[in-house]
Amino acid sequence: MSFFKKLKEKFTDQTDTVTEKFRDGLSKTRDSFVGAMNDLVKDYRKVDEEFFEELEEILISADVGVNTVMDLIDDLKDEARTRNISDAKEIQPVISEKLAELLQKTDEETKLNMQENELTVILFVGVNGVGKTTTIGKLAHKFKGEGKRVVMAAGDTFRAGAIEQLEVWGERVGVDVIKQQAGSDPAAVMYDAIRSAKSKKADVLLCDTAGRLQNKVNLMNELEKVKRVLTREVPDAPHEVLLVLDATTGQNAMSQAKTFGKSTDVSGIVLTKLDGTAKGGIVLAIRHELDIPVKLVGLGEGMDDLQEFEADQYVHGLFADVLEEVEEAAEE
Amino acid sequence: MAFEGLAERLQGTLKKIRGKGKVNEQDVKEMMREVRLALLEADVNFKVVKKFIADVKERAIGEEVLDSLTPGQQVIKVVNEELTKLMGGEQSKIAVSQKPPTVIMMVGLQGAGKTTTTGKLANHLRKKHNRNPLMVAADIYRPAAIKQLETLGKQLSMPVFSLGDQVSPVDIAKQAMAKAKEDHHDYVLIDTAGRLHVDNELMDELVQIKEATSPDEILLVVDAMTGQDAVNVAESFNEQLGITGAILTKLDGDTRGGAAISVKAVTDTPIKFAGVGEKIDALEPFHPERMASRILGMGDVLTLIEKAQTNVDEERAKELERKMRTNDLTFDDFLEQLAQVRSMGPLDELLDMMPGAGKMKGLKNIQVDEKQIGHIEAIVKSMTKAERETPSLLNASRRKRIAKGSGTSIQEVNRLIKQFDEMKKMMKQMSGMQKGKGKKKGGLGGMNFPFM
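Read top to bottom, the protein sequences are chains A and B.
Residue 114 in the UniProt record's numbering is what sits at position 114 of the first sequence, and the numbering runs on without skipping anything.
Residue 230 in the UniProt record's numbering is what sits at position 230 of the second sequence, and the numbering runs on without skipping anything.
Each hint should be verified, as a subset may be incorrect.
To be verified - Computed footprint of chain A on chain B, listed as stretches where at least three residues anywhere in the stretch have a Cβ under 8 Å from a Cβ of chain A: (1) 156-170; (2) 221-227; (3) 281-291.
Said to hold, decoys possible - In silico lysine-lysine, DSS-like type, Cα no more than 25 Å apart, as pairs: (4) B:Lys210 <-> B:Lys99; (5) B:Lys99 <-> A:Lys46; (6) A:Lys46 <-> B:Lys47; (7) A:Lys77 <-> B:Lys47; (8) A:Lys77 <-> B:Lys99.
To be verified - With beta-carbon atoms standing in for the labels, derived distance ranges: (9) A:Arg232 <-> B:Lys29: 26 to 34 Å; (10) B:Glu81 <-> A:Asn218: 55 to 63 Å; (11) A:Glu171 <-> B:Ala282: 26 to 34 Å.
FYI, nobody ran anything at the bench for these hints, they're computed from the structure.
For every residue, glycine included, the Cβ atom is placed at its ideal position computed from N, Cα and C.
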């Protein structure tokens, strides 16, 4: 059980509250997912075709995505064969291990790329209704708490009430919002905002954009233009392009990540609404197929409920029950 | 694309059973695995898929293959029919209360598109049903949600009832009802805040609004991109509120929209509308049968099958098949085929509908320009009878004359002749292939369209 030990050791350095948040936020996910897995082990004593088919279903029900599931199942079959595992109980830790491996591929940076003593520009993109504006509000709150000077750009000039929504966040958090009239060119808003952020010597500029479906070519072009304007004003900006994904989204999230990635070089993902039921699988698929890291997760409605993504904690949250069982077994 | 359509998925399996007269159990089993994957990739909930597959399997085994269909098409036909059945056969209408106003409550998760859809629905009711709706801003939680609805109201020049974000949604709903009666509105659309189905406190608030307003419709607004979780969401909302229908939003994206099936299956209430764009009039009545094809990701095979059944004259097709085998296809046949195929609809759509078209050499990514077809027709019609029967007659001066006569260029004429030759070659190959597979039952098999 070295894998679980390793996981556990990593947490000793981390604050309990953060871990707690992950646990709470993910409890629904874990209940349904781990519950299903335990049932699976109970129902099938033996590891056979049927067992794998059922496992496949469990993973798919977590929105992991068919391709990733297939790869994973193939891996597991090989593993079972080489390790000569035929008991369903024995394969359970192997499954957890494999899943964690997918998420923890490397210890790659999942931290935001922040500039020292210079303006950091972060652009938020995504489809409609995933929570871009809310995420920006929460992130502004976080940065503000770290003593940074923050400016927000109201780049969603399309949706009714979007500018006002960001303004409310601005008031709540105590951060300036740069805006123009509804319906104006978002690229022009960005130009104003980056100018203003520079003259105010701000540390962070958070750029909101209108939600758009990835198959709308002209809207995607508009996004490219927004990005170009930012790059023109600050050469290496935007320092982060964060794609906001709704965790309830199914397989289409992959298409979103691909298309937004192509037109704006997405550097990271914010996974929102992770506090509902049955989710998180999409993280595996995204890591597996596109290798775009998840950088932030939304775990609730409160201002503090935006957390940095930690693969270890994520896995821990997902497998807390399994972990405890394993520990109990080890003690006996 | 990350997704493969069912048609493509079935290719491998189909190859093995092409030319069989009956679908046996093993074939069905193999095909069902592909159907299952296609549905899962489309985000249909796995439990729903499981049951569905069991039903279809039972129906498909042992079914006689229609003469004009390949076994693969046959299975797709069954799948499509069952899927359409599952989605609910016909379109459903929005409720009209005996005693106005009719009250509609909009509920759903955050970001599903409730507020936008409320605006769209108000517009729809006024435009299509000549109604006078009152929109009620009962989302006091999300910043500027009320402002959003008010802006929509302004765009539509329609009244929006709001009491700011300090009054409880239940009170807002109650007062809105009084206001609606006073102002003689015949519809009241209540826009509620997005909430998680596991948030008991907020779900309870919805129950209270329901009790206070006794709505005629409670519509669950569902994002078409929702994954497996759609089942849990729909189930909870339905259990706690008793929804009367659903609206599927963001269907103008490239999602398959399997959530539609999941929602329908667990709530057994119809999907009434679909949001298909950002504009205020982008709300359409929901068509279950179209959705079935979209979820399967295979174009509209059923339509194609129907079209093929009605449009292709059996006798002529047999004659054509003979000609194909003997390789004496003429430009006349070509023209006739062209007309026949065209009568079925736009060509590129037909190609999309063809399972297998993608696999044939030279047909992948073929671009069919309708105008081009007109040119082709003109060219062929400018040929003499003899030329049409014996294409080898076509020398340079004849080609020049044809170009002039059809108003095209020599290059175009040359291209057509070349294409025609290639087509003949391809057909010879294909008919050879089929002969190789042994007895072919039912005159047409997979080769309904020599044009392709």
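Hints, verified against the model:
| no. | hint | in the structure |
| --- | --- | --- |
| 1 | 156-170 | violated (count 0) |
| 2 | 221-227 | holds (count 4) |
| 3 | 281-291 | violated (count 0) |
| 4 | B:Lys210 <-> B:Lys99 | holds (17 Å) |
| 5 | B:Lys99 <-> A:Lys46 | violated (62 Å) |
| 6 | A:Lys46 <-> B:Lys47 | holds (23 Å) |
| 7 | A:Lys77 <-> B:Lys47 | holds (24 Å) |
| 8 | A:Lys77 <-> B:Lys99 | violated (63 Å) |
| 9 | A:Arg232 <-> B:Lys29: 26 to 34 Å | violated (59 Å) |
| 10 | B:Glu81 <-> A:Asn218: 55 to 63 Å | violated (38 Å) |
| 11 | A:Glu171 <-> B:Ala282: 26 to 34 Å | holds (32 Å) |
Violated hints, listed in ascending order, are 1, 3, 5, 8, 9 and 10; each of the other numbered hints is respected by the structure.
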